[in-house]
Amino acid sequence: MSINIRIRNAVKRYGQNTIIPNLSLDIKESEFFTLLGPSGCGKTTLLRMIAGFNSIEGGDLFFNNKCINLIDPAKRNIGMVFQNYAIFPHLSVKNNVAFGLKNRKYPKEKIESETSKFLELMKIDQFKDRMPDKLSGGQQQRVALARALVVQPDVLLMDEPLSNLDAKLRVEMRQTIKEIQRRLEITTVYVTHDQEEAMAISDRIAVMKDGVIQHIGKPKDIYQRPANLFVASFIGRTNLLDAVAAVEGGRMVLTFKDGFRLPLNRIKAEHMKGQNVIVSIRPEEFVITDDPDNSMKGVIDSSVFLGLNTHYFIHLDSGAQLEIVSESKIDEIIPEKSRVFLNVKAEKINVFTEDGSRNILEGVNNDAEAFGEA
Amino acid sequence: MARKKLFDVWAVVYLAIFVAYALFLIYPMFTVLRNSVVGENGSFSMEWFAKFFSTKYYSQTLIHSFNVTIATTILSLIIGVPLAYFYNLYELKGKMLIQVLIILCSMSAPFIGAYAWIQLLGRMGIVTVFFKNAFGITIPNIYGFNGIVLVLTLQLYPLVFLYVSGALKNIDNSLLEASDNLGCTGMARFFKVIIPLCMPTILAAALLVFMRAFADFGTPLLIGEGYRVFPVEIYAQFLGETGSNYSFAAAISVIAIIITAVIFLIQKVLSNRFSFTMNALHPIERKEAKGVKGFLMHLFTYAIVGLAFLPQLYIVYQSFQNTSGKLFKPGYSLSSYKTAIQRLGESIPNTFVIGGIALVAVVFLGILIAYLVVRRSNIITQTIDTMSMLPYIIPGSVVGIALVMAFNSKPIVLTGTITIMVIALCIRRLPYTIRSSVAILQQIPLTTEEAAISLGASKMKVFFTITVPMMSNGIISGAILSWVTIITELSTSIILYNSRTVTLTVAVYTFVTRGNYGYAAALATVLTALTTVSLLIFMKVSKSKEITF
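Sequence order for the protein chains is A and B.
Using our numbering, read the first sequence as starting at 40 and increasing by one per residue.
Using our numbering, read the second sequence as starting at 531 and increasing by one per residue.
Worth flagging that the hints you see were computed from the coordinates, not collected in a lab.
Wrong hints could be hidden among the right ones.
[What the hints assert, rightly or not] Quick list of in silico lysine to any residue cross-link-like pairs, SDA-like style, CA-CA up to 20 angstroms:
1. B:798 / B:922
2. A:387 / A:348
3. B:989 / A:409
4. B:991 / A:112
5. A:147 / B:995
6. A:296 / A:385
7. B:989 / A:93
8. A:141 / B:990
9. A:67 / A:41
10. B:991 / A:111
11. A:144 / B:969
12. B:991 / A:142
13. A:336 / A:302
14. A:384 / A:367
15. B:699 / B:969
[As the list claims (entries may be wrong)] Okay, the calculated beta carbon distance ranges per label pair:
16. B:704 / A:77: 28 to 36 angstroms
17. B:703 / A:249: 39 to 47 angstroms
18. A:340 / B:812: 39 to 47 angstroms
[As the list claims (entries may be wrong)] Residues from chain A that face chain B, not an exhaustive set, calculated with beta carbons under 10 angstroms:
19. 116
20. 118
21. 138
22. 140
Don't be surprised by glycine CBs; every beta carbon is placed ideally from N, CA and C.
Take these sequences, add in the hints, and give me the full structure.
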């Protein structure tokens, strides 16, 4: 049985400090939902509010239709995985996993069988009699996950569970977490500041900043059609260029500082007007061309060869600094100080209002808009 | 909106502890304060303070106390700091034994050292007599100032040694290498790099030595003779042969507390100014002690440790000598043990019962209070924290006097009971236990407890099945140290005991004052054996081998 989570107008304050001013969101049944944002954005605070470790100063939390604001953390039936794993150091692996079942006063045989089942599921049954200090980081992580899941929680909460692991193990573990979550179909809330990890693992992502949700959407939506300038620059890398938009013959045409002109389709009707805009062009959305006519012009300052791709750092004649990526070719890397001409993949770029608060293109899928945010 | 829960198990716990502290610490201290300002005719009066400061006979004790305490503190630093330096920077031969002996010295009751030194260097002491007969040399007088400072220094330098050793372990080897590399080596490095780095610790150790020396009363009582110091005067006024004067004793106690409080605050200010954090990734590696320098280092270390341990050895030796009345006779037997046990044998079970109950209470309360302070910080738990630290600056004899004044008349009469002895020991030991438990608890991440809560454990269950077991290592080693300080405690027990609650230290003290040195030696040896066994267990249990007082 899986549940959905609804958060309505949640407020979190510490003394005079408001961490979360007014936050609403819906998490669907069996969904893998990630809270993503820079440190201090309130994502862990929100997770701990769901867990019950932080009080809620305003608004309501619902599991299905039940308000859980005042329910003791011990009674919320939540599985939680902590950043430092929080394995009980004085208990063996098996007793760590069995701890929650014992609190629920299950019969001995049931405790035995459930514990073994999850030790096997997490592939740690061969360590079951070891003490935690004899385990590697990855193994401890598996114990923490088994311990959280064995009690068949309604919700699984994970607070940056992979940040203490090395890069290779991180990729391996996130795959494991995702597979287990799919298999058990458990509603999961996951907190991370690593956007690549968030995209790899999540069904949907909520990008947060200063306690406010900026964008909720599928990884693809968030990367390709970010709701605002913050989301565009936080997720992946991007280049930001100022431009002037004008409506010419029913189309919008952008004019960049060095005179490069770019006609655009699919502008939201309410934004079809002359205005200053900020254009976000990701490194892979540039194309190096031979066409000197309608193109941006610049000089290569340096290059980095990374195998699959080569990154070029360029300054335009207008003074703007750019990073672009192109697939590595078998020919020579373009030498430094070379003059290059650049065009862009117009259908991929994003255009924001001058204050950066809105994307003026169509096709932005932002579930946070349902609550009047972003 | 959030509605706070009305009932929390922990709230009951901290309210109970709060009431206990108010009753057994604040109320007695208030009684002392009240008594100190009650004049002979029963009305408010500052006459006792006036009497103390205007009569040279009394005010002199204050000067004497300062002389003794300052001399002891300086000498302890002069001995303890270089000893710690040699011990931690160089490979000394027999270093395990050195450490055990140093700790043992610090843990024996000081007055036992005092009476052993009288046996060695007193008027009829064997060393005095030997030098007089063999060479015609008269050894300087051991009684008075010299004797008190000798005994207290040899008793208290181990605190400096242990504290500074701890600080040296936190100095990263690279700091010393950098200093060498910049041309600052040897003595210059010791004074310009090592001493400043250890300054906060040295100040803390100096404060502890000062407090102990200032409050110690067994030593000056035995070896001070005409050199009268402060704590002895409090005791004399309280239980004086010429009739007790509670109000005057209370007034002197108030003066004592004011002085220790001022010293404590000065130390706080000073150590804040010098404080910084260090964390050694690469602790100092011990170098070999070679050549003349090495020889001198070994000589210094062995001489100090030997000198400090000598009285202990001599007492053990004496306990096996035959006695006749108060005199020692040739030949060896266990007769001193037999007689001592016949006369005051109940002191051994008493020590175990009183010490045992106090220990359980201290450990239990220490953990509870530490937990409340760290995990449930609010105005009441913070107040408990502050109150629990008060006895740190209150001399032991004052704690004893306060309890007697508060509980020897209705509504609550406790004097002469085991209860009051246990309460006194708890009050005096708790500041140390709470500090160390707080330190342990701060190392344990909160998330471990939250994990248990999210898995459905109740608050009490989390505390007893998760928090306490995780603290257990530190708790056990802390408990053993508490045990040792409890069984060697004298200054409070001597005021609170009666014929049914005589403890080992009180029994030894009684025999010493009666001149039954053989019996005193026998019980003192029992005490030393208990201390040694406890210490060995401690070293076995404690992984860190760090000792904090």
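Checklist entry - Hint by hint, which ones does this structure get wrong, listed from lowest number up? => result Numbers 3, 11 - these are the hints that the structure violates, sorted from lowest upward.
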